[in-house]
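Chains as they are written, first to last, in this note's numbering: chain A, 1 to 516; chain B, 1 to 63.
Because the hints were derived from the structure by calculation, they are not lab data. Note that the Cβ used here is the ideal one computed from N, Cα and C, for glycine as well. Just so you know, not all the hints are guaranteed correct.
[Stated by the list, open to error] Derived pair list, reagent style EDC-like, types lysine to aspartate or glutamate, alpha-carbon separation capped at 20 Å:
id, chain 1, residue 1, chain 2, residue 2
1, A, 491, A, 373
2, A, 106, A, 117
3, B, 56, A, 50
4, A, 123, A, 317
5, B, 55, A, 233
6, A, 84, A, 138
7, B, 56, A, 237
8, A, 455, A, 465
9, B, 56, A, 341
10, A, 84, A, 317
11, A, 70, A, 17
12, A, 123, A, 237
13, A, 70, A, 142
14, A, 73, A, 25
15, A, 84, B, 37
16, A, 224, A, 214
17, A, 491, A, 317
18, A, 307, A, 266
19, B, 8, B, 37
20, B, 55, A, 48
21, A, 84, B, 49
22, B, 56, A, 419
23, A, 123, A, 233
24, A, 504, A, 255
25, B, 55, A, 25
26, B, 56, A, 233
27, A, 414, A, 481
28, A, 73, A, 142
29, B, 55, A, 117
30, A, 30, B, 49
31, A, 444, A, 458
32, B, 55, A, 237
[What the hints assert, rightly or not] Now the in silico label distances, taken between C-beta atoms and shown as ranges:
id, chain 1, residue 1, chain 2, residue 2, range
33, B, 20, A, 225, 25 to 35 Å
34, B, 21, A, 6, 14 to 24 Å
35, B, 21, A, 268, 34 to 44 Å
36, A, 486, B, 26, 22 to 32 Å
37, B, 31, A, 87, 42 to 52 Å
38, A, 49, B, 26, 54 to 64 Å
39, B, 29, A, 49, 45 to 55 Å
40, A, 264, B, 53, 22 to 32 Å
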Amino acid sequence: MDNKWSESIEKLTAYKDSILEAGGEARVSKQHSQGKLTARERMEALFDDDTFVEINDMVTSAAVDFGMDKKRKMGDGVITGYGKVHGRTVFASSQDFTINGGSLGKAHAMKICRAMDMAMDMKAPFISMNDSGGARIEEGIDSLAGYADIFYRNTMASGVIPQISVILGPCAGGACYSPAICDYIFMTESASQMYITGPQVVKSVTGEEITASDLGGASVHAAKSGVAHFVYENDLECLNGVRRLIGYLPDSNSEFPDNVPGTAVDNCADIPEIVPSNPKAAYDVRDVINSFIDLGSFMEVQSEFAKNIVVGFARIDGDTIGIVANQSNCIAGSLEINASDKGARFIRFCDCFNIPLLTLVDVPAFMPGSNQEHNGIIRHGAKLLYAFSEATVPKISIIMRKAYGGAYIAMNSKGLGADVVYAWPIAEIAVMGASGAVAIIGRKAISEAEDQEAKKQELIDEYNDKFMNPYIAAKNGYVDEVILPEQTREKIVAALDMLRFKEKEIPSKKHGNIPL
Amino acid sequence: MTDTELTKEEIVAMAVAAIAEETGTDAKNIRVKSFREMSLSPLQRYIQENNITYKKYTLEDEL
Numbered sequence: 001m002d003n004k005w006s007e008s009i010e011k012l013t014a015y016k017d018s019i020l021e022a023g024g025e026a027r028v029s030k031q032h033s034q035g036k037l038t039a040r041e042r043m044e045a046l047f048d049d050d051t052f053v054e055i056n057d058m059v060t061s062a063a064v065d066f067g068m069d070k071k072r073k074m075g076d077g078v079i080t081g082y083g084k085v086h087g088r089t090v091f092a093s094s095q096d097f098t099i100n101g102g103s104l105g106k107a108h109a110m111k112i113c114r115a116m117d118m119a120m121d122m123k124a125p126f127i128s129m130n131d132s133g134g135a136r137i138e139e140g141i142d143s144l145a146g147y148a149d150i151f152y153r154n155t156m157a158s159g160v161i162p163q164i165s166v167i168l169g170p171c172a173g174g175a176c177y178s179p180a181i182c183d184y185i186f187m188t189e190s191a192s193q194m195y196i197t198g199p200q201v202v203k204s205v206t207g208e209e210i211t212a213s214d215l216g217g218a219s220v221h222a223a224k225s226g227v228a229h230f231v232y233e234n235d236l237e238c239l240n241g242v243r244r245l246i247g248y249l250p251d252s253n254s255e256f257p258d259n260v261p262g263t264a265v266d267n268c269a270d271i272p273e274i275v276p277s278n279p280k281a282a283y284d285v286r287d288v289i290n291s292f293i294d295l296g297s298f299m300e301v302q303s304e305f306a307k308n309i310v311v312g313f314a315r316i317d318g319d320t321i322g323i324v325a326n327q328s329n330c331i332a333g334s335l336e337i338n339a340s341d342k343g344a345r346f347i348r349f350c351d352c353f354n355i356p357l358l359t360l361v362d363v364p365a366f367m368p369g370s371n372q373e374h375n376g377i378i379r380h381g382a383k384l385l386y387a388f389s390e391a392t393v394p395k396i397s398i399i400m401r402k403a404y405g406g407a408y409i410a411m412n413s414k415g416l417g418a419d420v421v422y423a424w425p426i427a428e429i430a431v432m433g434a435s436g437a438v439a440i441i442g443r444k445a446i447s448e449a450e451d452q453e454a455k456k457q458e459l460i461d462e463y464n465d466k467f468m469n470p471y472i473a474a475k476n477g478y479v480d481e482v483i484l485p486e487q488t489r490e491k492i493v494a495a496l497d498m499l500r501f502k503e504k505e506i507p508s509k510k511h512g513n514i515p516l
Numbered sequence: 001m002t003d004t005e006l007t008k009e010e011i012v013a014m015a016v017a018a019i020a021e022e023t024g025t026d027a028k029n030i031r032v033k034s035f036r037e038m039s040l041s042p043l044q045r046y047i048q049e050n051n052i053t054y055k056k057y058t059l060e061d062e063l
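Modelling step: build the complete structure from the supplied sequences, incorporating the hints.
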């Protein structure tokens, strides 16, 4: 090897060592002391072992104002590249808080955009790991333009490739809108924060005093705002969660999810022991789900938000399905604003990415009250109807127990395009419950009766006998078959198999106008 | 070196035994051509230094 070779290799090695140093030992130690991994460690945890390939590792900011020329580091505070997750190609970016606080400038944004463009070209999922102080103020409006470039790409990629944001540190201001456009947001209990304006600005503008975690911590976004879809204790658990989610998803909208063999089921589960026949008695619908899916395959989405509806991914005979289920043990499974939003967004995701939908129905009504009406239950509830109607993936419904009124229609009824509708023998499919119905249609008869209570009970019994069963709906074709509970899995498997190559066209249009 | 740490020879012997078992080959017929110690990755080092119990999730974990 001549001198030029050895000098060149030495120079390259020095560059690479400098890149691997990140922001230096002290800053890496500080990152670790906060319970956070470094950007590079996160890449390693996300990808299959030894598969990560970095791109643009030497990209450096050209900014010079406010001392930036002395703070520049190769990589510009973000690592980008690709690797394998479960053997499939995935692209990712990981912001490095140890370099200029992970702030986003022109070069930093360009690197993320380059990785996103490659993900789109390769039709592969994109994962964004966020840990950043926000816009790099020293770079002025170029940093804002950088965000705009990312938001635009997030929007163009929406519905084409799965996009997942993992918030592993601060994510403030406009930076929140990239995760918000993505399909799923992961957060950690230990370090994640998301807010448009931080506690100091909140105090100066409104006078309200609030901590960063109370304003935008993981618990708040999981339970109150519904911004976070998954929350884990720390970085390692969180990135394992991302790996698990990717296992359910296809690479893009032109693919189907991989089959993951694992047909074991819970043979001890007995649906009549889980679901009481008394329509007013509560139960946990997740026990029903776990009774017929591949054992342990249910991954619930937004488990702490709008608990009256349960949504998530599962497998049946190894194939991914999306489940939407009324949760009887939370406000009797009534549909309200947040449940409608949660359900509609999940349905649309499944429809984008060729994931069949299974709907488990036990719903008494849309939630009544001025709070719901004044906050727009009409507008929000319509999203659920719209999403089910618009979805062209295989759609299967099982009416478990109550299915009343408009809420019955909204939960993937035959009229909204359900391909197959099953009902258990205890199902009650009606305009409303017996008491409410008799109060309206029997008002005159009750008021004229000598014994009003006896008359009311007589009419309730008559209504129950005539309407509160699945057989009228079956006779009229709104239910395809009334099935025994123990047939549930085999019927779903058969329906999914029949619908495997379903093709359904919707009228040509630029896009629909879902009531947002 | 502490009592619990393995020597290079012991590590190679264990690797040979594992390959023999996996492939059904007689260990005597396995020849080690080269041996190189791999340094820990940053993540492996962090996990080791902090005594963290961690297993990367794989699809096989579902089974």
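(message) Check the structure against each numbered hint from earlier and tell me which ones fail, lowest number first.
(response) 1, 4, 6, 9, 10, 12, 15, 18, 21, 22, 23, 25, 29, 33, 34, 36, 37, 38 and 39
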